[in-house]
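Participant: Line by line, the protein sequences give chains A, B, C and D. Each residue of the first sequence is one higher than the one before, counting from -12 in the numbering used here. Each residue of the second sequence is one higher than the one before, counting from -12 in the numbering used here. Each residue of the third sequence is one higher than the one before, counting from -12 in the numbering used here. Each residue of the fourth sequence is one higher than the one before, counting from -12 in the numbering used here.
Incorrect hints may have been included.
Pairs count within a copy or across copies, as identical chains cannot be separated in the list.
[Stated by the list, open to error] Derived lysine-lysine pairs resembling DSS-like cross-links, with alpha carbons at most 27 Å apart:
{"#": "1", "residue 1": "K102", "residue 2": "K247"}
{"#": "2", "residue 1": "K34", "residue 2": "K23"}
{"#": "3", "residue 1": "K7", "residue 2": "K189"}
{"#": "4", "residue 1": "K189", "residue 2": "K23"}
{"#": "5", "residue 1": "K102", "residue 2": "K217"}
{"#": "6", "residue 1": "K263", "residue 2": "K105"}
{"#": "7", "residue 1": "K57", "residue 2": "K189"}
{"#": "8", "residue 1": "K54", "residue 2": "K23"}
{"#": "9", "residue 1": "K263", "residue 2": "K7"}
{"#": "10", "residue 1": "K(-7)", "residue 2": "K247"}
{"#": "11", "residue 1": "K(-7)", "residue 2": "K102"}
{"#": "12", "residue 1": "K263", "residue 2": "K23"}
{"#": "13", "residue 1": "K54", "residue 2": "K102"}
{"#": "14", "residue 1": "K247", "residue 2": "K263"}
{"#": "15", "residue 1": "K(-7)", "residue 2": "K23"}
{"#": "16", "residue 1": "K54", "residue 2": "K(-7)"}
{"#": "17", "residue 1": "K34", "residue 2": "K102"}
{"#": "18", "residue 1": "K247", "residue 2": "K105"}
{"#": "19", "residue 1": "K105", "residue 2": "K34"}
{"#": "20", "residue 1": "K105", "residue 2": "K7"}
{"#": "21", "residue 1": "K23", "residue 2": "K7"}
{"#": "22", "residue 1": "K34", "residue 2": "K189"}
Simulated from the structure, these hints should not be mistaken for lab results. Just so you know, these numbers come straight off a predicted model, no measurement behind them.
4 protein chains.
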Amino acid sequence: MMIVMKDGAGEDQITEVIEKLRSVGAEAHLSRGQFKTIIGAIGDREKIFEIPFAAMPGVEEVIPIMKPYKLVSREFHPEGTVVNVGGVRLGEDQFVVIAGPCAVESESQMLAAAKAAKEAGAHMLRGGAFKPRSSPYSFQGLGEEGLRLLDRARDITGLPIVTEVVDVRHVVMVSNYADMLQIGARNMQNFLLLREVGMQSKPVMLKRGLSSTLEELLMAAEYIVRGGNKNVVLCERGIRTFETATRNTLDLSAVPLVKKYSHLPIIVDPSHATGKREAIPALSRGALAVGADGVMIEIHPDPQAALCDGPQSLGLEEFRTLMDELRAVAPPLGRTL
Amino acid sequence: MMIVMKDGAGEDQITEVIEKLRSVGAEAHLSRGQFKTIIGAIGDREKIFEIPFAAMPGVEEVIPIMKPYKLVSREFHPEGTVVNVGGVRLGEDQFVVIAGPCAVESESQMLAAAKAAKEAGAHMLRGGAFKPRSSPYSFQGLGEEGLRLLDRARDITGLPIVTEVVDVRHVVMVSNYADMLQIGARNMQNFLLLREVGMQSKPVMLKRGLSSTLEELLMAAEYIVRGGNKNVVLCERGIRTFETATRNTLDLSAVPLVKKYSHLPIIVDPSHATGKREAIPALSRGALAVGADGVMIEIHPDPQAALCDGPQSLGLEEFRTLMDELRAVAPPLGRTL
Amino acid sequence: MMIVMKDGAGEDQITEVIEKLRSVGAEAHLSRGQFKTIIGAIGDREKIFEIPFAAMPGVEEVIPIMKPYKLVSREFHPEGTVVNVGGVRLGEDQFVVIAGPCAVESESQMLAAAKAAKEAGAHMLRGGAFKPRSSPYSFQGLGEEGLRLLDRARDITGLPIVTEVVDVRHVVMVSNYADMLQIGARNMQNFLLLREVGMQSKPVMLKRGLSSTLEELLMAAEYIVRGGNKNVVLCERGIRTFETATRNTLDLSAVPLVKKYSHLPIIVDPSHATGKREAIPALSRGALAVGADGVMIEIHPDPQAALCDGPQSLGLEEFRTLMDELRAVAPPLGRTL
Amino acid sequence: MMIVMKDGAGEDQITEVIEKLRSVGAEAHLSRGQFKTIIGAIGDREKIFEIPFAAMPGVEEVIPIMKPYKLVSREFHPEGTVVNVGGVRLGEDQFVVIAGPCAVESESQMLAAAKAAKEAGAHMLRGGAFKPRSSPYSFQGLGEEGLRLLDRARDITGLPIVTEVVDVRHVVMVSNYADMLQIGARNMQNFLLLREVGMQSKPVMLKRGLSSTLEELLMAAEYIVRGGNKNVVLCERGIRTFETATRNTLDLSAVPLVKKYSHLPIIVDPSHATGKREAIPALSRGALAVGADGVMIEIHPDPQAALCDGPQSLGLEEFRTLMDELRAVAPPLGRTL
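So here's chain A without its partners, still in its complex pose (with noise of 0.2 Å):
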């Protein structure tokens, strides 16, 4: 950590920055230039990292030069996690496709779209049962209903299912049914859920905020490490800016990036990303190319009927043309699909 001081910063304010840092038993380099004074703190970073220098006086800024995570950084743990869902490796070459709807609406509804995913050769399954919706009056999903009819697509297709849960009440009862547990990306940040996810067994899936830097969505994964599961799986699924001609901005870059910076893997949601079905073939095939570990898609029997985002759906149809796409593609790529 680096603490800057301010212009005229007076000895003794630097002296007291200085006896801080002794009295956790961190050193402090002291650069004296023509304008500024900086103080380099090595040490036990931690403790250093409590002392709330920033408030002190003579300070002007504190420039953290360490990550703030650690249990999930690279620097930590050089080689890549591979995440085993249900028998499905995350991380390694395979290229993992997920599909479903984004909402289970129906027994038809859900088999349908789960047969299909299987037939053009997904390999897991996706449906929500509890929809966090901005409007209290759009459908909030079939609840434990919803559950045990991903259960029974398991049952017939035989691919691991992720779902979301979205209450702290509900982690134990959700993870009876699902092979992967899904935080959405509104609760990025709910740190009460982050450690009841991180304290059970199930994998995590873990969705960047709307407004996450990539920073924050690594030591929201810490919260899930530090808790004792060490098997989470990152998604970039867009983040909100200006722009108004796709519903959020799919930050491809986030996939190399996350690479350098993290061990853990990281797949792609192109559907609400982009809220625009035409978008997503396309999207799928970059985030393929950008060295994503997999995508996840939503399909739909029938995508004028659905509850919940049915534009950004593709349909079976255009889901199997999709996968022929990809496969076609990941070989050079490395990839095997």
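Starting from the known structure of chain A, fit chains B, C and D onto it as the hints suggest.
Facilitator: Frame of chain A; chains B, C and D shown alone:
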């Protein structure tokens, strides 16, 4: 709602939209331009909203005309709502100042801040007992012990208390202590929490999310009011933008616009918005001048020792000076302090 | 265009809107809902747009239905445009790679980069002679001497050249040297410059502004095409968001959407978008996979000595490796390199 | 400047950085932590900045400590600058109100607005003769004829005039008419134009770009001052964010921060910031309360007939009311009107 058809949309597709509208008892008004056909939907708004027009073939775009919220809208309830928090009335002539530390840290810290707040003329106290923090390694609050200290501060000063609730399992417990429950920015779209606070009787202060539009803020308030709790106070606390000179960008335009669209009171939190102590007096005056019903300001008896957000806390003397300024500016703005 | 009237709009106000529309020969379609009256305007779009409905009493909102651009729209010109730049065709099967240094610094630097680009298989050269820089103290480019060095690089390699023009007084001079004129992101809405390049005959590469929507990008292109120059190539180069891990956020969704809305070719500049060398190969592959017509990549014989943007420049060996990767991935995407 | 080395940076790489620093006469201060080595650079700032450290092998990050601007900084020039525009002094006690139409449309419109501005107590007139417009089909201004009408409005009212210059070829011509030249938001980083206005003698009002940080705004001002023109007035006019309820998000925090970092006066333009007439009085009062040196407000004798930005123009009566409000609020804020 206006349904815009694609350029080449067929007659059957137009008919299908019209029939869907009629199936829920709505009327369809057809406008055929040279390039576009547009169908206006008139009828029961909630029924119309349930139909996924945007996913129907031939439909290019669906443009909602009505606001998606109702109970919180000024159209529905033209008079401004006044929220009574332990005798302090938000939404009337009084410009309400809420002051206190970011986090309750200890008895001596909380009581020193509370007494200074009272002496300087603040109307309400704040203090966090449960702190959502980006890092799992940061101080997370004293929990229920913090609530007891807040209770003691209220006993001594007579000022009502607002404190944040983050856990759906704590709503009853926190509302036993607090005069107003705060929903923090990160929980603005934690719909379960919104529902829970909507079902208890204490007033709720709802902070705008970091990347939430005003419409989403009002939709979140709609969740609470729909649950039965009409006493909601909104709080503008800065949004996330590209600018890095401040922690967030305080959006003071939100105040006149919320006043136009909604009957709920709105206050401003300049401390979290800027993260910079030196900007807080100016923006507090600004909040008063644009018509906010109050401000919430972080103060600390010893900002440089604060366990949380010291750089954005005013010292007690600075706070007194600010109160004097606000008192001088209020009368020509038609406000009392 | 739909004109939405305020809730309490009077009959006289509705009549006034209708009469304004009739005064320019347009039809008015009236839809009266329970709360809102909406007037659809049908007729000559440009005449209708000239009437300031939004400022008329009783009008709440004006919603344009038609896109505001015409000449660059795919509706107007369904076939994709192919832009021929000195024999290289942008907008066909070939994925066009443009490479070169950010700034032309010296003969040896430019020629080394140019030869390496040629050998690795690039199709076009780039290099800045006039550099817009945030700081007046930064290197501003070699000026016309830089153009002469580009000319020499073209002579030696046979590759056409793209270079930026920043000054309306230089358009003729720069177009004497360049095969394609580049309009930089900061000048995307420099409408005078757009008009000037629209009146000369060389193709123009128009970069998206840092905070420009796709609609504004297409409107800027409309300025150029309307001036008589149909040979416009768009360039996505990242937008400004809250994320600080990359310099800008590359918006690859722009590619499929621009292809949908417009007939103009679009390429991607991952170098400026990220400012991070290590992300460039991944995003170049991503650009190819989402359907871009090419990429523009900064290379430098000695990035650590670059006078401008060294950290985002690929070394010549890294560039060769990237070209090999792109060549491998192109065929299954239906592209040649 | 602090140069942070990568985790595994070799001794030779560290040595290379140190030698580069010494080659320009600078000192290097070495801090070796457990994971990171950091090199502090002390010496001639401009020489140090010219070295592309960020591109050197082993370097992870370069962190500038000093602000990149100098002439406009308060450190360099502690006293506030007062800019005299035709006798009106910006940067002193007077809160300066500039009023007028968005665009000069006709003699009757301009003179009606000017007289009303004068009568209501405005101190300066505005009016655009050259209008940068997103669409080539929109009204682009009257050109020099507009300047002549502004000149006439000044003759009649005695109020000085500010008007925008967009073309480097027009700087001399426009400065023959104007008392202050305006650089619009879209031209904030049109460095050629900044240089030209820096070389003439009339004061310059520099508007913040839609996506410009405060640091970039001050760097743009540095271009002008460095050219020899010290009379620069900054203008906050809203930045582009995700919020769509207003055209832009007015960043009133910019005022206290600019006052801290720079000695230049700063005013606020609430008309362009919000695009909504109903928010303008509140935000004008807010500008006064946060410490701005003035506001620039669009007024129109007949907003519903305005050729440009009618919905954000105040009618003349609304403007008079606003002036009365400002006059009442100014004294307790230490301002005169």
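Participant: Decide, hint by hint, whether the structure agrees.
Facilitator: Here is how each hint holds up against the structure:
{"no.": "1", "hint": "K102 <-> K247", "verdict": "neither (36 Å within a copy, 31 Å between copies)"}
{"no.": "2", "hint": "K34 <-> K23", "verdict": "both (25 Å within a copy, 17 Å between copies)"}
{"no.": "3", "hint": "K7 <-> K189", "verdict": "neither (43 Å within a copy, 43 Å between copies)"}
{"no.": "4", "hint": "K189 <-> K23", "verdict": "neither (51 Å within a copy, 36 Å between copies)"}
{"no.": "5", "hint": "K102 <-> K217", "verdict": "neither (31 Å within a copy, 47 Å between copies)"}
{"no.": "6", "hint": "K263 <-> K105", "verdict": "within (23 Å within a copy, 39 Å between copies)"}
{"no.": "7", "hint": "K57 <-> K189", "verdict": "within (22 Å within a copy, 40 Å between copies)"}
{"no.": "8", "hint": "K54 <-> K23", "verdict": "both (24 Å within a copy, 11 Å between copies)"}
{"no.": "9", "hint": "K263 <-> K7", "verdict": "between (54 Å within a copy, 22 Å between copies)"}
{"no.": "10", "hint": "K(-7) <-> K247", "verdict": "between (35 Å within a copy, 13 Å between copies)"}
{"no.": "11", "hint": "K(-7) <-> K102", "verdict": "neither (65 Å within a copy, 32 Å between copies)"}
{"no.": "12", "hint": "K263 <-> K23", "verdict": "between (51 Å within a copy, 20 Å between copies)"}
{"no.": "13", "hint": "K54 <-> K102", "verdict": "neither (44 Å within a copy, 39 Å between copies)"}
{"no.": "14", "hint": "K247 <-> K263", "verdict": "between (30 Å within a copy, 12 Å between copies)"}
{"no.": "15", "hint": "K(-7) <-> K23", "verdict": "both (7 Å within a copy, 24 Å between copies)"}
{"no.": "16", "hint": "K54 <-> K(-7)", "verdict": "both (24 Å within a copy, 12 Å between copies)"}
{"no.": "17", "hint": "K34 <-> K102", "verdict": "neither (54 Å within a copy, 31 Å between copies)"}
{"no.": "18", "hint": "K247 <-> K105", "verdict": "neither (33 Å within a copy, 30 Å between copies)"}
{"no.": "19", "hint": "K105 <-> K34", "verdict": "neither (51 Å within a copy, 35 Å between copies)"}
{"no.": "20", "hint": "K105 <-> K7", "verdict": "neither (61 Å within a copy, 32 Å between copies)"}
{"no.": "21", "hint": "K23 <-> K7", "verdict": "both (20 Å within a copy, 21 Å between copies)"}
{"no.": "22", "hint": "K34 <-> K189", "verdict": "neither (32 Å within a copy, 39 Å between copies)"}
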